[in-house]
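Student: Start from chain A and add chain B according to the hints.
There are 2 protein chains.
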Amino acid sequence: MALKKIGKQTVRLEAPPSIIATSSIVGPKEGQGPLAQYFDTILSDDLCGQKSYEKAECKMAMDSADKAISKAGIQKEVIDYMLSGDLLNQIITSSYTAREMGIPYFGLYGACSTMAESLSLGSMLIDGGYGDYILCMTSSHFSSAERQYRFPLEQGTQRPPTAQWTVTGAGAAILSREGNGPYVTHVTTGRVIDMGIKDANNMGAAMSPAAADTIVQHFKDTGFEPKDYDIIATGDLAAVGKELADDLIKKQGYDISNVFTDCGIEIYDSKKQDVHAGGSGCGCSAVVFCGYFYDMLAKGLINRILMVSTGALMSPTSSQQGESIPGIAHAVTIERMV
Amino acid sequence: MALKKIGKQTVRLEAPPSIIATSSIVGPKEGQGPLAQYFDTILSDDLCGQKSYEKAECKMAMDSADKAISKAGIQKEVIDYMLSGDLLNQIITSSYTAREMGIPYFGLYGACSTMAESLSLGSMLIDGGYGDYILCMTSSHFSSAERQYRFPLEQGTQRPPTAQWTVTGAGAAILSREGNGPYVTHVTTGRVIDMGIKDANNMGAAMSPAAADTIVQHFKDTGFEPKDYDIIATGDLAAVGKELADDLIKKQGYDISNVFTDCGIEIYDSKKQDVHAGGSGCGCSAVVFCGYFYDMLAKGLINRILMVSTGALMSPTSSQQGESIPGIAHAVTIERMV
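Just so you know, the protein sequences line up as chains A and B, in that order. Sequential numbering from 1 applies to the first sequence in this note's numbering. Sequential numbering from 1001 applies to the second sequence in this note's numbering.
Bound conformation, chain A alone (with noise of 0.2 Å):
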């Protein structure tokens, strides 16, 4: 079989996956934020009932894996893997929920770049005949995530202009053989980058460097330019790093500026909402692509978007030990039409 690598780090499909279909569901916070109308589920109660915020993100979780199939039509028998990961040590979100869900199941870690972790590698099991349905998925929670890498919430720590808000949300796809699209064509996978960034909370710098490393790469694999892209989404730079991965982007020839936007830009109202630069967390990718992007693909209003999740690789036990942030970002191009 001739191999299907183009360029350095990019895989072009040969049979290109179809997501046949999303879920989404959120918090109170993304509820009342600018792209409410598209989520499936928007939480009264962040604690989704349960007596813990790990708990009610797994049920966030589980919920968001049956609507998806539920959505798609299909028995959740007839998947062939479960691909997921969360930030919660050794991702229990992503395990408790698998137990429920009885697929054969891989974990990943990426942090936050795992909604595209998930799609790249799902895609590739899918066009390489490896399975007919693949559910992807992964999820953050606000007080879950910063308890467990920041401070308790009941002290009020207060945030530094450049801190983000973690999402809370999950989201999930279901990627299949046969389908109508949107379709995944390319995937490029990304390298850890450190830039020697330490505070945990400036993620957004921490990681620029890696979506910038990821972005140009595409470009140099595949021959797309930004103006053949309808949209190019990285997953949780928001505002301070955004801009900065715009600035490395243009340093190295390619100016993506018109199609740029950034998940944990659009999630909230950086006006009305308290979240500082932006949001943050696996699940602010995957419900903004499951719930925003998939919608305007499906409706014709964009052909052709770059998801590029965006994670920082630290933990809680590295920062005190002194080491800086490491950053990583995937990449899959997905098209209303192949």
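Below, in silico cross-link-like pairs of lysine-lysine (DSS-like), each with a Cα-Cα straight-line distance of 27 Å or less:
#1 B/LYS1071 to A/LYS8
#2 B/LYS1005 to A/LYS67
#3 B/LYS1067 to A/LYS5
#4 A/LYS67 to B/LYS1008
#5 A/LYS4 to B/LYS1004
#6 A/LYS8 to B/LYS1067
#7 A/LYS76 to B/LYS1004
#8 B/LYS1051 to A/LYS198
#9 A/LYS220 to A/LYS4
#10 B/LYS1008 to A/LYS76
#11 B/LYS1071 to A/LYS5
#12 B/LYS1005 to A/LYS4
#13 B/LYS1005 to A/LYS5
#14 A/LYS76 to B/LYS1220
#15 B/LYS1220 to B/LYS1004
#16 B/LYS1299 to B/LYS1227
#17 A/LYS198 to A/LYS251
#18 A/LYS8 to B/LYS1076
If you want a taste of the chain A side facing chain B, the calculated C-beta under 8 Å gives, among others:
#19 LYS4
#20 LYS5
#21 ALA15
#22 SER52
#23 TYR81
#24 GLY85
#25 GLN90
#26 ARG99
#27 PRO104
#28 LEU108
#29 LEU125
#30 ARG191
#31 ASP194
#32 SER315
#33 THR317
#34 ILE328
Cβ-Cβ distance ranges computed for the label pairs, FRET-style:
#35 A/GLY196 to B/GLY1073: 27 to 37 Å
#36 A/GLU178 to B/THR1157: 47 to 57 Å
#37 B/THR1157 to A/ASP247: 45 to 55 Å
#38 A/LYS272 to B/GLN1320: 32 to 42 Å
Everything labelled a hint here was simulated from the structure, so no lab data went into it. Since the structure is predicted, the reported quantities are computational estimates derived from the model, not experimental observations. C-beta atoms are modelled at their ideal positions from N, C-alpha and C, and glycine is treated no differently.
Tutor: Same frame as chain A, now just chain B:
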């Protein structure tokens, strides 16, 4: 393209990737065990000259990756993907190793099932034509795992007889489209199984139903019988879990006892080394496969092995919130010749 799935959870690879090199590095305790002669490197100091156990684990993982690449006789620049995960929160060992390697990177989390998870995904990516070379690896460290999952070492907590000893070690394997074997021929992907065990000091029992489920499903999917294998090796069920798995498999009509072993039993001398039920950790099946079993395949002492890495998908947070311990097991068939 025809679907390569056979049965419910198994894929038969059409162009089986060759494992062209492996490497293994272990700590002092593992170097005093019965498999010492099979490891590339035995550390005299489990701090590896570093300032923390987490940094020591990273150093081990990097050395293991470098060694595998040099044994394969390739440059790291030709490697298409690195697939890696570990036990530390946010898999920092893998991410920091990926930062040094600069290879496109998919982070995984499968707890102690990671070696088989990375070989599973890596083999499908090679077979599907997405790369020429893939680096599959994982690691664990007794001292970083113990303090993260259980108690500070300084506390000297007494361990019950069912407890296992986390292996200090890192293993890496290079998959290639071309090569003289051994070859990965089948991949059986596990489901999450949870029988309600809540004792973090009895991981073998928690994982054994998942191991039995995957092994039995592998037989059903492939038509293989126990006698078709020279060795069926679980990852880290150790003494308690192996006996349970053996029983569970017998109850479903398959007697594997003649060929059944467990990496957690192989790696230590249970009579002389104070490890209670046996070894555990991502590094356990990694170094036993990459050191011992790979050597046996290369020398023609065995022809076909089923490697079944087993993972306990718990976290201290989920345990504190009263959750039980879900288990998972991924299996790969590795054959000397195809």
